[in-house]
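Build the complex from these two chains, which are given one at a time in their own frames, with help from the hints.
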Amino acid sequence: MKGCLVLKNYKLLMATFLIACLITTNITLTLFADVESPYKSFTVYGYSYKNQASVMEYSFGLQPRTSIESTSGSVPAGYIGAYPRLYSDDGVLVLAATDWYYNDNTAVGIDCGADVYEEPGAYYCYGLTRAYNGNGYTQQTTYRSPSINY
Amino acid sequence: MVKCKKTNVTMVFVIILSIIIGSYNINYALSNNTLDKKAYIINEKGQLISVDTNEIITEENFDPTIVYQVNENGQTYGSSLYAVSAETEPDLILARGIDGTIGYVYYTDLYREEPKNPEEAIAMQKINSRKIRIIPLYASDGKTVIGKFRTTPVQDIIEKRTDQR
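Chains as they are written, first to last, in our numbering: chain A, 1 to 150; chain B, 1 to 165.
It should be emphasised that the hints constitute simulated quantities derived from the structure, not laboratory data.
There are no misleading hints in this set.
In silico DSS-like pairs for lysine-lysine, Cα to Cα no more than 25 Å straight-line:
1. A:K40 to B:K160
2. A:K50 to B:K116
3. B:K45 to A:K40
4. A:K50 to B:K45
Derived list of chain A stretches under chain B, where covered just means 3 residues or more per stretch with a C-beta under 8 Å from a C-beta of chain B:
5. 70 to 78
6. 93 to 102
7. 109 to 115
8. 123 to 135
9. 138 to 147
Beta carbons: idealized from backbone N, C-alpha and C, even for Gly.
Just chain B, same shape as in the assembly (with noise of 0.2 Å):
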């Protein structure tokens, strides 16, 4: 009978215990915006600064491993806001699906082939250019399709025919 009494009391003791630190760990989160903490800032020249250490990102100081993650598959999954080049975005893209899903969609997905040459990019640019396009947005695995991401055709253009500099 003690003995169950003091099973008891430790049991509680240890259940208070755990709100008192769980309680202190969420406090000090959410003071020092550690839930919400961001790497990099966009300064107002529209570069990519370090918040640890002030440095202009370029691609010799880009680390992907602070901007992305890597799923199961090995792929590299995040915003490529912050990506500073081409072969700097990562491998699924984060975006807003159709109906305001949040996914991922393929980065060879978004912006497809390459053109080798100006005869070849002409000719793709008169197949694609006035359709929207409907592409799978994918969880973070990039194998569960989440939801649908649509693209829109290129608008308003301006051809700049002579030097107006």
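Chain A extracted, bound-state conformation (with noise of 0.2 Å):
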């Protein structure tokens, strides 16, 4: 009977250090690692931005982000877009948003990504940014994020 016991939890112990591990090796694989450009400050209309280019590097391709950040608090609805771009690293643009996107609600920063690219080869993220300025926008780019292989 206690044999039985430890023969019971001796499964259990290996069945969860099995899914642990499926669960680690699942992560590991979707995700690798993301480079960043440095953040570009700028003020417009009386806030003051910073904006950063990013890429995300997952096991399946590369996606482009951008984002934009107040540092002077929330700002209110529609004030900051971005729009993240994906370029080869001889310059050409292999990857864009659809749209630009813009805070939806009062707040102090906006991040998003465009599709994932699968196509290996190095490439850059070279974002845009958009701030209202009292009388329509005006657009920041960020700095180039690091060349990254994929």
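Listed below in structure tokens is the structure:
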């Protein structure tokens, strides 16, 4: 009876270990790494902002992302917009978002991605951001992210 | 007869000389990387650096004539990776089409009209955000359609609601 209990616990332990291994492997395979540009700071309509481009590397491809954040606290809805783009190493635009994303609600910042690009190669993310200036929008490029190989 | 022979010798000499000069030029171009010489490089901070002067390129010292070419209709075309602001982007942006064709998309086709105010921005977003768009891919003349470029919906959106600095 005692031996049976030990065997049962051993099986449970092994099953837990295997599941943990599977989950960990899955996470590792799904998300490898990412690269980020330095922040670029600027001021529009009394608000200070910083923007950034990044590339998320997954096992199935690369996703360009662009963020803009107010460092002066929350901004009203529709004040900030982001547009992610992915370029190959030789400067060819390979992926771009359909449209700009603006903050739906009062927010401090937004961060959005385009689709995942699956072609092997070296790529940069170079995003665009917009901030409301009281009479339209001021468009600001991010710095380029470091090149990433996929 | 003698004159004909002399002409033939001259012709052979000219051909050999042309081959020698041509080979030298090709070798020079390859060894000096002239065929693929970049005017600008991107440093580790994501800034554009002039290869010749080592300067950081900003809107003030950006020279579009180095980065872009101009077509017969007066439109600039080239890579927008080397633009330093929205104002310095070319009219025709170098892009890869759906089938791998390299061509150009119009700046105005890609980024579309800018909203006038936050209300209009939100309204435009509600209409367009979940859509895939197919826009024409042109040759450098900006007129000949050579393919299609696909844009993708914005996804994995994170809105920071509170100050998380």
